[in-house]
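Asks: One-letter residues, chain by chain:
Protein chains: 2
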Amino acid sequence: MKKQKLHIVKIGGNIINDEALLTSFLKDFSAIKSPKILVHGGGKKASEVASIIGLKPKMINGRRITDEANLDIVTMVYAGLLNKKITAQLQKNNCNAMGLSGADANCILAHKRIVKDIDYGFAGDIDAVNSETINLFLQNNITPVFCAITHDKNGQLLNTNSDTIASEVAVAMSGLYETELNYVFELKGVLESIKDKNSVIKHINLEKYKQLIKEGIISEGMLPKLQNCFNALEKGVQKVKIGDVSLIKNKNELYTTLSI
Amino acid sequence: MKKQKLHIVKIGGNIINDEALLTSFLKDFSAIKSPKILVHGGGKKASEVASIIGLKPKMINGRRITDEANLDIVTMVYAGLLNKKITAQLQKNNCNAMGLSGADANCILAHKRIVKDIDYGFAGDIDAVNSETINLFLQNNITPVFCAITHDKNGQLLNTNSDTIASEVAVAMSGLYETELNYVFELKGVLESIKDKNSVIKHINLEKYKQLIKEGIISEGMLPKLQNCFNALEKGVQKVKIGDVSLIKNKNELYTTLSI
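Protein chains in written order, with the numbering used here: chain A, 1 to 260; chain B, 1001 to 1260.
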């Protein structure tokens, strides 16, 4: 039997920071007919709140460290303010959204990142996604909306990369659904040249991916994003695309499709 | 056929403010064997965050007004920080908790309070509780944990009294379950004299309730709490009790039972 389609969309901070863009995106997302899941990043709101409170971001070697005070802030902003505002807007659009952290119904289980060189504090690395419970929601016409907070089943909340959440949720659900994963961000796709916003590389397979890394075309923030894409494809996700908000309307020509 | 039992427990701010008390309460709550729902108030954390941010509580005639900035704060603190911390602790206790606002899966629908004398801002009065969806969760061994945020299905989040949420959820579920509602707070029950913490009135029926109001024994904060209790009883909730954290252990003798 052919599996039912499932659409998983991850939106990044730049969309969340732009109220008009977010509103328009959420309308398009609501219009997706198949079962769907939204995963959202944090945007600049957490840094804003931290800065108002007088909390400075803790960085080691350019990496953000989640201490207890910062964990409280991301829990407030991601799981509270952003997650509930997005959910309320989707409800307005007649999308039966339900905002979730990984702790809720034990949907996403993680562990505190093991300290090697750097102690990242309360950063979570995902161990398991509860596909059965997520499927219960989907089969009852509920659209899960995941924020970037997970837990360790031992009472500890953990700040977790939202690109990785999207990838791992997609992998877990791909056993039950024909799963498409979309990373929606500020660019039209993976660019040949960062100076030319239209220089979208339309298709990247595993070989080309390795070549682009060697050439230095894929670097910095794009590197972990593409690692998440290929992780998803290698573990059973059928389709992965990267692009801007127009991507989910399925009308634009410009976006990057990935394959293995 | 005899209906299944459902236990709905509301905890107030004083329990949330006391970490050790909250941890111990959540263990006892997790041990309740029947399907159950937790509703939690806000505690002083929202005021703390507001004060750190430099936001003064807006009051008119001693009543708190929820302007947009305060709504953002209660959404962060109630739906984010407190709701997720409580959920993670319950998960640790092997209670499959799922934190929810009224916007999530459209569980609790409200409208912005109509302006008569006072404009309360983004305060919500409840219109409907989605018992079917809540029952779906309960029947799948999920324990809903409601915070004091609802929505209007038009994109607006609303700050809503948690005692009223507990009462209205209990009423809605009483069609499906034999429902017991517990209000857990800092006192052992309704007191004959506020000076004697052990002067618990063990039983209050509708007649006695009216008499106690006349005598001035029930006043101020206790008045709306008891209104919520009798609202629940009049609309089908089987049992309502008020007491301190020991109430849900079902061992103590001292608490107030209400009946109509």
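Rather than coming from a laboratory, the hints here were simulated on the basis of the structure. Note that the Cβ used here is the ideal one computed from N, Cα and C, for glycine as well. Accuracy of the hints is not assured; some may be wrong.
Just some of the chain A residues that point at chain B, by a computed CB distance under 8 Å [what the hints assert, rightly or not]:
(1) 79
(2) 96
(3) 103
(4) 140
Below, in silico cross-link-like pairs of lysine-lysine (DSBU-like), each with a Cα-Cα straight-line distance of 35 Å or less [unchecked claim]:
(5) 1058/B <-> 112/A
(6) 33/A <-> 1116/B
(7) 56/A <-> 1249/B
(8) 1153/B <-> 188/A
(9) 58/A <-> 1112/B
(10) 44/A <-> 1241/B
Asks: Are the hints correct? Go through all of them and say.
Replies: Against the structure, the hints:
{"no.": "1", "hint": "79", "verdict": "4 Å, holds"}
{"no.": "2", "hint": "96", "verdict": "6 Å, holds"}
{"no.": "3", "hint": "103", "verdict": "4 Å, holds"}
{"no.": "4", "hint": "140", "verdict": "6 Å, holds"}
{"no.": "5", "hint": "1058/B <-> 112/A", "verdict": "40 Å, violated"}
{"no.": "6", "hint": "33/A <-> 1116/B", "verdict": "42 Å, violated"}
{"no.": "7", "hint": "56/A <-> 1249/B", "verdict": "44 Å, violated"}
{"no.": "8", "hint": "1153/B <-> 188/A", "verdict": "33 Å, holds"}
{"no.": "9", "hint": "58/A <-> 1112/B", "verdict": "40 Å, violated"}
{"no.": "10", "hint": "44/A <-> 1241/B", "verdict": "45 Å, violated"}
Checked against the numbered hints given earlier, this structure breaks hints 5, 6, 7, 9 and 10; the rest are met.
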